[in-house]
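K.L.:
The hints should help you fit chain W onto chain G, whose structure is shown.
As given, the protein sequences belong to chains G and W, one line each in that order. Here the numbering used here is used: position 18 in the first sequence is 242, and no number is missing along the way. Here the numbering used here is used: position 116 in the second sequence is 165, and no number is missing along the way.
No wet-lab data here; the hints were simulated from the structure. Some clues are possibly wrong.
Said to hold, decoys possible - Below are the BS3-like pairs computed for lysine-lysine, each with C-alpha atoms no more than 25 Å apart in a straight line:
#, chain 1, residue 1, chain 2, residue 2
1, W, Lys51, W, Lys161
2, W, Lys87, W, Lys118
3, G, Lys389, G, Lys409
4, G, Lys434, W, Lys105
5, W, Lys105, G, Lys242
6, G, Lys242, G, Lys289
Here is how the chains run, residue by residue.
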Amino acid sequence: MNRNWDVIGEQGLQFFGKMSATISHEINNSLAIINENAGLLQDFTLMADKGMPLDPVRLNSLAGKLIDQIRRAEGIVKNMNRFAHSVDEPVKSVNLDDIVELMVTLSARFASMRGVTVESKPASVPVMITTNSFLMQNLIWLCLDFAMDAAAAGNTIDIITEKTKNGAQISFMQAGDPAKAPPNKFPAEPEKVLLDVLKANLSADEGVGKIVITLPRDIDM
Amino acid sequence: MKVLLIDDEGELISTLAERLSLRGIDADWVTNGEEALKKVEDQCYDLAVVDVRMPKMSGLALKRLMAEKCPRLKFIFMTGHGSEDDYKEGTAQAGAAYYLLKPLNIELLIEKINEVIKEQGDKP
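Chain G extracted, bound-state conformation (with noise of 0.2 Å):
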């Protein structure tokens, strides 16, 4: 764990970056929200003022999409929380399932731009391995920029967690036809720094419809 940590840290950056963005767009989307049915509410107020009646009814809808919005920001904000923690203790015993899903759900926005749809797969037993928490979740983000870069819009990339004999393996495949040609050399210098860190092997078929990175038990053994 301490080889090229330079260009890890530097590269690793630009990861954590990238997903505060993200997320902070996240959330000012749902304070964007709650801030037009607040205003609702206070323009209802005013015109009561003025003598027109308020609608119970139309009251209780404009709180209960008050609540939703809180709720979707607490998730945000509770997913945020785990990405920031992520970075605490430089291995650990982690849930290769639980990585992939906050990836999934931290690159939503990103898929959703370039109209991809990108769904976990989870394996039928945990799928525990000892890693680098936050370099893992640099590299399934960097594969999953990629396969979303390669894909058609409205392409679906699932992405699948596998107990293997000496660790573990994460495919993602593309379900449609990749429609562009890959826009660069893959897997580039940032993922082999990261492969070699984390002691991973990634192999892509030609057109890029398939990636998949096998990963050790432990990499500290």
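P.N.:
Showing chain W alone in chain G's frame:
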């Protein structure tokens, strides 16, 4: 004054349309660029209030396509990316259009809408 609001957050844009209508502004809303282009084929709007970042078609790309169909259409952009740099870049790219940050201040939005009305009224 007829306004078209475009944002992929349907709940945001529908509520904003209702708030504008309570203030006497006739506002329609859609949640993507394709629907917006269909709307401007059906009828003429004076102003489009557009989210900059939307799936499939960005607000700036949509502006170009809508402007081809309705050359007199005015634009106000809005964004949830609240950094000073984003704001400056957005204003520069948007040309003469206004650029507002989300969460929106409705009084500021109405002020900008009124400025657009005045500009259109001043034109021969």
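K.L.:
Each hint: holds or not?
P.N.:
Hints versus structure:
| no. | hint | in the structure |
| --- | --- | --- |
| 1 | Lys51/W - Lys161/W | 14 Å, holds |
| 2 | Lys87/W - Lys118/W | 10 Å, holds |
| 3 | Lys389/G - Lys409/G | 30 Å, violated |
| 4 | Lys434/G - Lys105/W | 24 Å, holds |
| 5 | Lys105/W - Lys242/G | 20 Å, holds |
| 6 | Lys242/G - Lys289/G | 29 Å, violated |
Violated hints, listed in ascending order, are 3, 6; each of the other numbered hints is respected by the structure.
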